[in-house]
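K.L.:
Sequence:
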Amino acid sequence: MTRFAFPAAEAAATPNEPGRLSARIFAHGTFEARWYAPEGSDPQTPHTRDEAYVVVSGRGTFFCAGTRTPFGPGDMLWAPAGAEHRFEDFTPDFATWVIFYGPEGGEG
583 MTRFAFPAAE AAATPNEPGR LSARIFAHGT FEARWYAPEG SDPQTPHTRD EAYVVVSGRG
643 TFFCAGTRTP FGPGDMLWAP AGAEHRFEDF TPDFATWVIF YGPEGGEG
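At the far end of the sequence shown sits residue 690, using my numbering, and the numbering has no gaps.
Do not take every clue at face value.
As the list claims (entries may be wrong) - If you anchor each label on the Cβ, the simulated ranges turn out as follows: (1) Tyr683 / Gly656: 17 to 23 Å; (2) Thr649 / Phe586: 32 to 38 Å; (3) Thr673 / Thr584: 32 to 38 Å; (4) Gly648 / Phe586: 20 to 26 Å; (5) Glu666 / Glu689: 26 to 32 Å; (6) Ala590 / Gly611: 31 to 37 Å; (7) Gly656 / Pro600: 29 to 35 Å; (8) Arg650 / Glu592: 27 to 33 Å; (9) Gly611 / Thr651: 28 to 34 Å; (10) Arg641 / Thr612: 27 to 33 Å.
Simulated from the structure, these hints should not be mistaken for laboratory data.
Even for Gly, the Cβ is constructed at its ideal location relative to N, Cα and C.
Produce the entire structure from the sequences given, and follow the hints as far as they go.
P.N.:
This is the structure:
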């Protein structure tokens with residue numbers, strides 16, 4: 583059966599994959615939705631695909647390509663493929679959807 587809804591509570595209860603910082607929730611073609619809720623610090627490194635974040639809970643600062651932007655619930659953030667990015671000074675309740683899409687190297 584095809585699923586069309588992915589509740590945040592269900593995503594939050596999904597364990598991270600071995601060796602990954604996030605849990606894979608759904609994939610279709612080049613679209614991949616993951617759940618990310620770092621604890622303490624964000625050790626991300628640049629990714630090979632474009633990605634968007636939709637913040638579910640918490641607040642903090644998003645660093646991307648040399649720019650820092652405050653964020654909160656409901657905000658959407660974007661990181662192009664290859665860009666240095668991370669979440670900084672975030673609250674303990676921080677959680678976000680991560681959406682990878684497009685080809686390796688980005689759509690740019």
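K.L.:
Note whether the CB distance of Tyr683 and Gly656 lies within 17 to 23 Å or breaks it.
P.N.:
holds, 20 Å
K.L.:
Within 27 to 33 Å or not, the Cβ separation of Arg650 and Glu592?
P.N.:
holds, 32 Å
K.L.:
With respect to the beta-carbon atoms only, verify the hint that Glu666 and Glu689 lie 26 to 32 Å apart.
P.N.:
violated, 19 Å
K.L.:
Falls inside 20 to 26 Å, the C-beta gap from Gly648 to Phe586?
P.N.:
violated, 38 Å
K.L.:
Just tell me: holds or violated, for the beta carbon distance of Gly611 and Thr651 against 28 to 34 Å?
P.N.:
holds, 29 Å
K.L.:
Quick one: are Gly656 and Pro600 within 29 to 35 Å, going by C-beta?
P.N.:
Holds, at about 31 Å.
K.L.:
Hint says 27 to 33 Å; check whether the CB-CB distance for Arg641 and Thr612 agrees.
P.N.:
holds, 30 Å
K.L.:
Could you tell me whether the CB distance from Thr673 to Thr584 stays inside 32 to 38 Å?
P.N.:
Holds - the Cβ-Cβ distance for Thr673 and Thr584, about 35 Å, lies within 32 to 38 Å.
K.L.:
Is it true that the C-beta distance of Thr649 to Phe586 lies inside 32 to 38 Å, as the hint says?
P.N.:
Given range 32 to 38 Å: holds, Cβ gap about 35 Å.
K.L.:
Does the Cβ pair Ala590, Gly611 satisfy 31 to 37 Å?
P.N.:
About 23 Å separates the Cβ atoms of Ala590 and Gly611, which means 31 to 37 Å is violated.
Comparing the model with each earlier hint shows violations of hints 4, 5 and 6; every other hint is respected.
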